[in-house]
Amino acid sequence: MNKLIVLSIIATLFLAGCSSSVKELNITTKPIEKPALVLPNVDQLNLTEVEWFVINEENVDTIWQRLSDDKKDIVLFGLTDDGYEQLAVNLSDIMTLIQQQKAIIGAYKNYYESANEAIDEANSQNDEVNKKVNDINEDKNNKKWWQLTK
Amino acid sequence: MGLKLALIMMVLMGAMGGVGYWYYNDTQERMAILVANEAKATVAVQEAEAAKVAMQQSYEAMAKENKILNEKFQEAEDRSNRLEKKLGRHDIGVLGEAKPTLVEKVLTNASNNALRCAEIISGSPLTEEEISATKPSEINPECFELANPNFDPSIQSKAWREKNL
Numbered sequence: 001m002n003k004l005i006v007l008s009i010i011a012t013l014f015l016a017g018c019s020s021s022v023k024e025l026n027i028t029t030k031p032i033e034k035p036a037l038v039l040p041n042v043d044q045l046n047l048t049e050v051e052w053f054v055i056n057e058e059n060v061d062t063i064w065q066r067l068s069d070d071k072k073d074i075v076l077f078g079l080t081d082d083g084y085e086q087l088a089v090n091l092s093d094i095m096t097l098i099q100q101q102k103a104i105i106g107a108y109k110n111y112y113e114s115a116n117e118a119i120d121e122a123n124s125q126n127d128e129v130n131k132k133v134n135d136i137n138e139d140k141n142n143k144k145w146w147q148l149t150k
Numbered sequence: 001m002g003l004k005l006a007l008i009m010m011v012l013m014g015a016m017g018g019v020g021y022w023y024y025n026d027t028q029e030r031m032a033i034l035v036a037n038e039a040k041a042t043v044a045v046q047e048a049e050a051a052k053v054a055m056q057q058s059y060e061a062m063a064k065e066n067k068i069l070n071e072k073f074q075e076a077e078d079r080s081n082r083l084e085k086k087l088g089r090h091d092i093g094v095l096g097e098a099k100p101t102l103v104e105k106v107l108t109n110a111s112n113n114a115l116r117c118a119e120i121i122s123g124s125p126l127t128e129e130e131i132s133a134t135k136p137s138e139i140n141p142e143c144f145e146l147a148n149p150n151f152d153p154s155i156q157s158k159a160w161r162e163k164n165l
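Line by line, the protein sequences are chains A and B.
Mapping of the first sequence onto this note's numbering: position 84 corresponds to residue 84, and the numbering continues sequentially without gaps.
Mapping of the second sequence onto this note's numbering: position 159 corresponds to residue 159, and the numbering continues sequentially without gaps.
Since the hints were made in silico from the structure, they are not lab data.
This one's a predicted model, so the numbers in the text were calculated from it and none came from an experiment.
Do not take every clue at face value.
Unchecked claim - To be clear about the criterion: a stretch of chain A counts as covered by chain B if any three or more of its residues have a C-beta under 8 Å from a C-beta of chain B, and this derived list gives those stretches:
#1 69-79
#2 82-93
#3 98-105
We put the beta carbon where it would ideally sit given N, CA and C, even for glycine.
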């Protein structure tokens, strides 16, 4: 009977040893550094000025003479007044498009630069907090068993 | 009988002491882990908070960039609309028939001003004259908002504004 009691106590102790322990929570965060995109700038336009000739019935001979005096080929490539207007509007539309594309590229650049700053700031805050927690954990690990409750 | 009882008591006391010791150590270990877990959970919360702030900043930056972009788009469209308005106001066919030399000069100047606008859009630096221009006679009328930063169209005469804006 006594042996049974002793065995029961020992068995209880062994069984208690099988109780599950609290698992330590592990959280790891690692920011991935993206290499900065370095691109060359576009070429700056350096355009040559153009000269328009306006020819009507009366001045056509004067214009030919002017071309001859300026030692230019006696030939002109013509546009009607409507054609001139269409060309001007077309060029203006192309310039508008370039201006819009440039604005979009500038917006992308500004957005990503400011977003990177915000991410860097968040990462540095995380690093600070992580450091504090590591300090606390190290402090706990260095304490003796009788200091754990303190 | 007394010896047996003492032995049982000793075993029982030893067992109880062992259980107590194990319970104490186990509890301390659990406490340490829970403290570490709490700290890690705090970090996770703070990291999430920092990420949220970063995202909010990104949204704000996006809204700001969109606003600037819309303004620039409007600026570009205004320039284009001004040209169409100008071309619609004058019949260059009739003017060309009547005053070909004058129209020649006007078209040549306008074209060269427009070409200069294209240069500026491509990143060409402004000249001193362009920067210091404040009067309508000094500006590049094809793109004064790009070429003449010190020219304020809002303070010009009503006639000029009606004609050019």
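Status of the hints after comparison with the structure:
With 0 residues having a Cβ less than 8 Å from any Cβ of chain B, the segment 69-79 of chain A misses the three-residue criterion, and the hint is violated. Figure legend: the segment 82-93 of chain A, annotated as covered by chain B; annotation consistent (8 residues with Cβ-Cβ distances under 8 Å, at least 3 required). Under the rule that three or more residues need a Cβ within less than 8 Å of chain B, the assignment of the segment 98-105 of chain A holds, with 6 such residues.
In terms of the numbered hints stated before, the structure departs from hint 1 and from no other.
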